Amino acid sequence: MGTGIKRRTLLKGAAAGAGLTLTTGPYHFVRNIAKAAEGDTIKVGILHSLSGTIAIIETSLHNAELLAIDEINAKGGVLGKKLEPVVEDTQSMVQVFADKAKKLLLDDKVAAVLGCYTSASRQSVLPIFEQYNGVLIYPTLYEAQECSKNCFYTGAVPNQQLDDFIPWIIKTLGRKKFYMVGSNYIYPKETNREVKALLAKHGGQNVGEEYAPLGHTEFSTIINNISGSGADVVFSDLVGDSVVAFYKQYKQFGITANDIPICTPITTEQETAAMGPENAVGHLTSFNYFQSVDTPENKSFVERYKAKYGKNQVTNAVMEAAYFSTYFLAQALAKVKSTDADALIFEGLPGQEFNAPGGPVKIDEKNHHTWLWPRIGKARPDGQFDIVWKSEQRIRPDPWTKYLYPHKSCDFTDKRVLERLKKPWSQEKNRSGTIDI
Amino acid sequence: MALLEVRGLTTRVSGYTILNNLNFSVEENELRVLLGPNGAGKTTLIAMISGQFKPIEGVIDFDGQDITGWAPYDIVRAGIGRKFQVPNMYETLTVYDNVMVSLKGDRKVFKYMFKRVSPEESDRIWEILEFIELAEKANEPADTLSHGQRQWLELGMLMAANPKLLLLDEPTTGMTQEGKMRTAELIQKIAKNHTVLLVEHDMQVVRHIGKRVTVLHQGQVLVEGPLNQVVADKRVQQVYLGKGKLQ
Amino acid sequence: MTQALISQVLIGLSVAAILVISAIGLAVIFGVAGVINMAHGQFIMVGAYTAAVIGQFGGNTFWAIPASFIVVALLGLIVERAVIQWIYDRPLETLLATWGVGIILEVLMKLIFGPQLYYVGSPKVLSGGVHLIGRLPYPYYRLFLIGMAILMVAATFIVLYRTNFGLKVRAVRRNRAISGCLGIDTTRVDMLIFMFGSGLAGVAGAVLAPIKSVSTTMGFTYAVNSYMVLVLGGVGNLLGVPTGGGLIGEAETLLAFKYNSVIGELLVFIFIVIAIRVFPRGIFGYYERA
Amino acid sequence: MNASAKQLQILKSKRNLRRTPLISLSTIIIGALVVAVIGSFPYLLGSGSYVLVLTGKFLCFTIFALSIDLIWGFTGILSLGQAVYFGIGAYLVALSLKINYAMDHPTRYGHKFPDFMEWNGLTALPKFMEPLVSTPFAVACALLIPTILAFIFGVITFKRHIYGVYCAVITLAEALILQEFIIEYQTYTGGFNGITDYSNYVGAPFLWFILAVTVACFLIGRALTHSRIGTVLKSIRDNDVRAEFMGYNVANYRIFVFCVAAFMSAAAGAMYAAWVGIVSFLDAGPVFSVEGVIWTAVGGRATLIGAFVGAFLIKALEFMLSGLLADFWQLFMGALFIIVVLWMPDGIVGTLGDWLRKRRRGTMAQIREEEDRRAFDRQRDWAPAGTVKTGEEAV
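Residue numbers (this note's numbering), protein chains in the order written: chain C, 1 to 437; chain W, 1 to 247; chain A, 1 to 290; chain Z, 1 to 395.
Honestly, I wouldn't trust all of these hints.
From chain A, some residues computed to sit far from chain Z (all C-beta separations above 12 Å) [as the list claims (entries may be wrong)]:
1) 110
2) 167
3) 274
Derived lysine to any residue pairs resembling SDA-like cross-links, with alpha carbons at most 20 Å apart [unchecked claim]:
4) A/124 <-> C/409
5) C/171 <-> C/189
6) C/402 <-> Z/105
7) W/189 <-> W/207
8) A/124 <-> C/311
9) C/429 <-> Z/106
10) C/109 <-> C/295
11) A/258 <-> Z/181
12) W/111 <-> Z/249
13) Z/159 <-> W/141
14) C/311 <-> A/58
15) W/111 <-> Z/230
16) Z/112 <-> C/404
17) C/335 <-> C/79
18) C/189 <-> Z/324
19) W/108 <-> Z/161
20) Z/358 <-> W/141
21) C/429 <-> Z/113
22) C/423 <-> Z/161
23) W/54 <-> Z/160
24) C/308 <-> A/112
25) C/43 <-> Z/324
The set of hints was computed from the structure by calculation and includes no laboratory data.
Since the model is a prediction, treat every value here as computed from it, not as a measurement.
From the three backbone atoms N, C-alpha and C, an ideal C-beta is built for every residue, glycine too.
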C-alpha cells in the first residue's frame with residue numbers, strides 16, 4: 001500500500017503525459033507536414049461518411065468527387081495549382097460531421113468543402129460554416145426551405161422533383177389515391193408536406209401516411225396497411241436499407257407495379273441493383289439524372305467512372321451532382337483567382353454553367369441553388385431506368401416551396417440581405433438569404 | 001434459555017425432503033458439534049439458520065427473537081456469523097482489508113461513508129491477525145494465501161465480526177492432519193468466548209474438541225449427548241455402517 | 001378489420017420466426033458456451049454475404065444455407081481459437097473482445113466487398129404466395145422462414161439434449177474443472193459448440209438475406225434483437241428462444257398495426273425491460289441453486 | 001522463521017499499513033502540471049483551435065468513463081446504458097440553450113422557437129417546455145433527473161439481485177429505449193437530426209470550468225474509493241455473497257454508487273452539450289455506452305486515472321487515424337480492444353502498475369522465485385475445487 005504512493009504518481013505522470021502527447025503531439029506533426037505542402041496546391045475538403053450506415057451511398061459521392069478532381073488535375077489543375085483533396089471519414093455520426101468540418105476549416109484551411117448527404121449532417125455543419133465563413137457545396141437533393149450564405153445546393157429541390165411528378169402520376173397514370181411511406185426524419189416529413197399540398201392542388205387524395213424508423217427492414221405490417229387502405233399508388237421516401245427491404249417484401253406479398261406502383265423521389269440505380277431488378281421493375285423514380293441518360297457527356301462519364309472504380313459500379317443522380325459540383329468549384333476558383341470565401345460566394349460560384357452528364361446545369365445567381373433537368377424514370381428488368389418523361393426546359397430551383405411558403409423567397413442579390421451579410425457573424429448570426437415578398 | 005432454538009424445521013429441494021420437522025437447540029457459550037452422514041442435512045441446516053434459504057415450515061429463534069425468513073445481512077446483524085465450506089473471502093483485497101471490512105459495526109451506507117479506522121479497531125485487527133498467524137502477510141492480497149491460510153483468514157474475519165453465534169461448516173476440509181489439529185485448537189480458543197456450532201466429519205478433530213455432539217440423520221436429530229456416549233450408541237453405528245467408521 | 005387483424009397475427013408469426021432464426025445461434029453461444037458474443041450480428045452479416053456470393057455463381061438459398069453454415073462456422077473456429085479460448089472464465093470481457101471482433105469483421109467485409117448494398121434473390125420455388133385470409137397472399141418465403149425456425153430449434157435441441165456431444169457440452173457448462181477431470185476434452189467441446197453456434201448465425205444470414213437488405217452494417221440490429229429475445233425468453237433454456245421470439249414478434253407487429261412501427265418498437269422495448277424485472281432470469285430461465 | 005523475526009515482519013507490515021493520504025504530494029504536483037498544461041491550451045493553441053475544441057470534449061468523455069469506472073471497476077456492475085444519463089443531461093441543457101438561442105435568432109423559418117418544432121407542425125413552444133427557458137433550472141434538471149432515474153432503476157434492479165450479464169443487457173435495452181424515444185418524439189427532441197445551431201461556449205473560461213469539474217470528479221472518486229466504503233465496494237465486487245453474509249446490504253451499496261455514477265455522467269453530458277453545440281440521439285445510445293466501457297477497460301479498470309488515459313488515448317487515436325487512413329482506421333481500434341482484453345486485462349495503467357510493483361520487489365529472478373514459492377504454498381495442501389461457485393455446495 002505504502003509503496004503504492006510512488007507507483008500511483010508515476011502512473012499519473014506517465015498516463016497524463018501519454019494522454020496529452022497523443023492528443024496534440026502527432027496531430028501537430030502531421031499538420032506541419034501538410035503545411036509544408038501548402039502553397040503549390042489548393043486544398044478541397046471531402047466530407048463524407050466512409051464507415052457506418054450512410055457509407056453505402058456517401059462513398060459513391062466521395063468517389064465521384066475524387067474522380068472529378070483527378071480529371072481537373074490531369075488537365076493542369078486550377079490557376080496552375082493542383083487541387084488537393086483532404087478526405088475525412090465522418091462515420092455516419094452528426095457530431096463527427098461537426099468535428100471534421102471544424103477541422104477542415106480551422107486547421108486545414110481548405111478553400112471549400114464538398115460534402116454531406118443527409119439533412120441531419122448538413123444542418124450539423126452549417127452553423128460551423130457560417131461561424132467561420134467557409135464554403136460548403138452540398139450535392140444532395142433535399143427538403144428545401146433553407147438558403148444559407150455559406151452553402152451552395154447543387155442537388156434537386158422539391159419543385160424540381162415533385163411539381164411535375166405528382167401531376168404526371170395523377171394525369172398520365174390516372175392514379176389518385178396516394179399512400180405515403182417514409183423514414184422517420186426531416187426529409188420525408190417535409191417532402192410529404194409538399195406532396196400533400198400538390199395533391200390538394202391537382203385533385204389527388206391522401207389515403208394514408210406512415211413512417212418507419214431509420215434502418216427498419218420489416219415492412220409486412222405497412223404493406224398490409226397499404227393493401228387495406230385501397231390506395232392505387234404508393235409514394236415512398238424511405239432511405240437506405242429500408243428501401244431495399246421494402247421493395248423486396250412488397251414483391252413477395254404479390255403486389256406488382258401494375259397493381260400499385262411505388263413512386264419515389266429518392267430510389268436510385270444503386271438501390272435497384274441492391275434489391276434485384278425484378279423487385280424494382282415498373283416502379284417509378286423522379287430525378288434529374290439517370291445512368292441511362294442518352295448524352296455523349298453521360299456515356300463518357302459512366303465509362304470513366306467504371307474505369308476507375310470497377311465494372312459493376314452504377315452511377316446515380318447524387319453522384320452526378322457531386323461530380324459537376326467539383327467542376328463548379330474549379331471554375332469558380334479559376335474565375336476569382338483566389339480562395340477567399342466571400343469572393344467565391346458572391347462572384348465565383350453564382351451563375352456558373354457546366355455541361356453535366358445530365359445536361360447543361362447552372363447555379364442560380366440569386367438563390368445559390370441549381371438549375372436542373374427533371375426526368376421521370378421507370379425501372380427496367382436490367383436495373384436501369386427507362387426515361388418516360390423529360391422536362392422541355394431546365395427548371396429554376398425554388399428553395400421556398402411556393403405552395404407552403406408563398407411569401408418567402410431567397411435572394412442573395414437583394415439589398416437587405418447584403419446589408420445583413422456585410423456584418424460579421426459575431427454581430428449578425430442570421431446568415432440566410434431569405435426575404436419576405 | 002437457549003441461544004438458538006430450531007422448532008419443527010422442514011424443507012424440500014426439488015421434491016426431496018432435506019430437513020424433516022427438525023427440533024434442536026444450542027445453549028449460550030457452548031461448543032456444539034454437528035455430526036451426520038452425507039446428505040443428513042447438516043449444511044442445509046446451516047444455510048437455513050444463516051438465511052440463505054427459507055424453510056417451508058418451522059421456526060428459528062435466535063436470542064429471543066424469531067429470525068425465520070430474514071435477509072442474510074439482517075441475520076448477521078442479529079449476531080450470527082457463518083463460515084463457508086469452501087474458503088470464501090475477498091480475493092483481491094489484502095488480508096488486512098479482509099479483516100477490516102468484517103469488523104463489527106454499523107453497516108448502513110451513509111453511516112459507513114465517512115468512517116475511518118480508529119486506533120482501537122486497528123489494534124483489534126492486528127490482535128486477530130496475530131491470533132490467526134497471518135500478521136506478517138497483512139499486506140498480501142488474499143488470493144496469494146494457501147488453502148489452509150484461507151480457512152484461517154475466514155475464521156479471523158468471523159472473529160472480527162464478533163457474532164454471538166458462529167456457524168462453522170467443515171472448517172478443516174482439505175487440510176493436512178496437522179493443519180486440522182491446529183485448526184481444532186484455534187476453534188477451541190474461539191469457543192472460549194463465543195458460541196460455536198461446528199459441522200465436522202473428521203472424528204479425530206471431533207475427539208480433539210469433543211464436547212456435546214448432535215447426530216443428524218435424514219433431516220432429524222438421531223442422538224444428542226456427550227461424545228463417547230454418542231459414539232457408543234447402536235443407531236449411530238448403524239447409520240455410519242458402510243460410511244466412514246467411527247473408530 | 002378482423003380479417004386484417006388475423007392476417008396481421010399470421011404476419012407476426014413470420015416476424016417471430018425471423019427473430020428466432022437470428023437468435024438461435026446466440027442462444028447456443030451465449031446460453032451454452034457462456035460467451036457474450038457482440039459480434040453475433042456481424043456473423044449473420046458474413047452469412048448473408050456468403051449467400052450473396054453463392055448467388056453470383058447462380059446458387060440459390062438452398063445452396064447458400066450449407067455454404068454459410070460452413071463458412072461462418074470456420075470463422076467462428078478462428079475467432080474461438082484466436083480470442084475466446086483465453087477468456088472463457090471472464091464472460092464480461094468476452095463482450096469487449098467480441099465487440100472488437102465485430103468492428104474488424106465489418107471493416108474487412110467493407111474492404112473486400114465495398115460499401116454498397118448487395119443483392120440476394122429468393123429461390124424461384126418460393127416466389128409467390130398462398131391465399132390464406134385477407135386481400136394479401138401469404139408469401140411462400142415467409143412460410144419457409146417459419147419452417148426454418150422450427151427446424152433450427154429442433155436441430156439445436158437434438159444436438160444439445162439427444163446426443164453424446166450435447167451431454168458433454170452441458171457437463172462442461174456446469175463445471176469445467178470436474179468434467180475435465182472426467183476425461184472430457186473441454187477445449188474441443190468449447191471449440192465445437194462455438195463453431196455450431198456461429199454456423200447457425202451464418203444460416204440465419206443466408207435465409208434472411210432474400211427479404212432484408214445486405215450491407216456491412218446490417219449486423220447491429222440483429223444482434224440487439226437477438227439479445228432481447230434471449231433475455232426475455234431466458235438464457236440457457238432452448239424453450240426460451242421461441243417463447244421470447246414469439247412474444248416480441250407478435251407484440252411488435254400488432255402494436256405496429258394498432259399505432260405505427262416506431263411506437264411498436266418503443267413499446268416492445270419497454271415491455272421487455274419490465275418483463276425482465278419481473279422474471280430476472282427470463283421466462284424460462286432456470287435459477288442457479290443458492 | 002523464529003519468533004523475533006516474525007515480530008519484525010509484523011512491525012514492518014504495520015508501518016507499511018499507515019494509510020496513504022487522500023492525495024499524496026507528488027500526485028498533487030503532477031496533477032497540477034497536467035491541469036496547467038490543459039488549462040493553457042487556449043494560449044498555446046489559440047482560442048479558436050480545433051485541438052482546444054477536442055480537449056474540452058475529451059474531458060467530458062473522461063468524466064463519463066470515470067463514472068463507468070466507479071460502477072464497473074470498483075463495484076463490478078457492468079452497465080451498458082450509462083449513456084442514458086449522459087444523454088438526458090446533454091439533451092436538457094441543449095434544449096434550453098436552443099430555445100433561448102431561437103428567441104433572439106430567428107430560425108430558418110423565421111420563427112422565434114426551435115425549427116425542428118416548426119417542421120413538425122408546432123406553432124409555438126409547448127407549455128411543458130417553457131420552464132426550460134431558464135437555463136439554471138434546465139441545468140438543475142439535467143443533474144437531478146438522471147440521478148433520480150438511476151435511483152429508481154437501481155432499486156428495481158439490484159433489490160431483485162439482477163447483476164452481471166443480465167444487468168448489462170437490461171441497461172443496454174434502456175439505452176435503446178431512450179434512443180428510440182428521442183427519434184420518435186422528434187417534435188420535442190429534434191429526432192434523427194439532433195439539436196444543433198445554438199450558442200456554444202467554446203473558449204478558455206468554459207474549458208477551465210470543465211477542467212475544474214473534472215478534477216472535482218476525480219477527487220470525489222478518489223475519496224470514495226480510497227475511504228472505508230471503497231473497501232466495502234471492492235469486497236462486494238470480489239465476492240458479494242460473502243459480503244452479504246458479513247452483514248452488508250449489498251443492494252444498497254450498489255444503488256448508492258450507481259446514483260453517484262449517474263450524477264457524474266449527467267454532469268459530463270450537460271457540459272458536453274454546452275461545449276460542442278450539438279447533441280444527437282447517438283449521445284444517448286447503446287454504442288456510446290459501450291464505447292465508454294471500452295475506454296475504461298483500455299485505460300485500466302479500478303484505477304481512476306485509467307478513465308482519463310483511456311478516453312483521451314482512444315478518442316485521440318480515433319480522430320487522427322480517421323483523418324490519415326480514412327478507409328480502414330477502425331481495424332486498429334478493433335485490434336486494440338482485443339489486445340487489451342487478451343494481454344492486459346487490467347488495462348494500460350493497471351498493467352504498467354503491476355510491472356512497476358514487480359520491479360520494486362526486486363530483480364526478475366527474485367520475482368520468479370517468489371512466484372514459485374507462492375505456487376508451492378497454494379499447492380501444499382490439496383484445495384477442493386476452488387472453482388465451485390460460492391454457496392453452490394449448500395444443499
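Quick check for students: does the CB of residue 110 of chain A sit more than 12 Å from each CB in chain Z? The claim is violated: residue 110 of chain A sits with its nearest Cβ about 8 Å from chain Z, within 12 Å.
Checking one constraint from the list: CA of residue 111 of chain W to CA of residue 249 of chain Z, max 20 Å. Satisfied? holds (13 Å)
Hinted pair residue 189 of chain W and residue 207 of chain W, Cα distance within 20 Å: holds (16 Å)
Check the hint pairing residue 258 of chain A with residue 181 of chain Z against an upper bound of 20 Å on the C-alpha distance. Given pair residue 258 of chain A, residue 181 of chain Z holds - Cα atoms ~18 Å apart, limit 20 Å.
Are the Cα positions of residue 124 of chain A and residue 409 of chain C separated by 20 Å at most? violated (53 Å)
Within a Cα-Cα threshold of 20 Å, do residue 54 of chain W and residue 160 of chain Z meet the stated pairing? Status holds; Cα separation ~16 Å.
Pair hint residue 308 of chain C and residue 112 of chain A, alpha-carbon separation not exceeding 20 Å: holds (17 Å)
Hinted pair, alpha-carbon criterion (20 Å max): residue 358 of chain Z, residue 141 of chain W. Please report holds or violated. holds (14 Å)
Would you assess whether residue 167 of chain A, listed as outside the interface, keeps its beta-carbon beyond 12 Å of every beta-carbon in chain Z? For residue 167 of chain A, whose nearest Cβ neighbour in chain Z is about 20 Å away, the distance exceeds 12 Å, so it holds.
Against the 20 Å threshold, does the CA-CA distance of residue 109 of chain C and residue 295 of chain C hold or violate the hint? violated (38 Å)
Are the Cα atoms of residue 429 of chain C and residue 106 of chain Z separated by 20 Å or less? holds (9 Å)
For the pair supplied as a hint, residue 335 of chain C and residue 79 of chain C, confirm whether the alpha-carbon distance does not exceed 20 Å. Holds, because 9 Å separates the two Cα atoms, which is no more than 20 Å.
In summary, the numbered hints that this structure violates are 1, 3, 4, 5, 6, 8, 10, 13, 18, 22.
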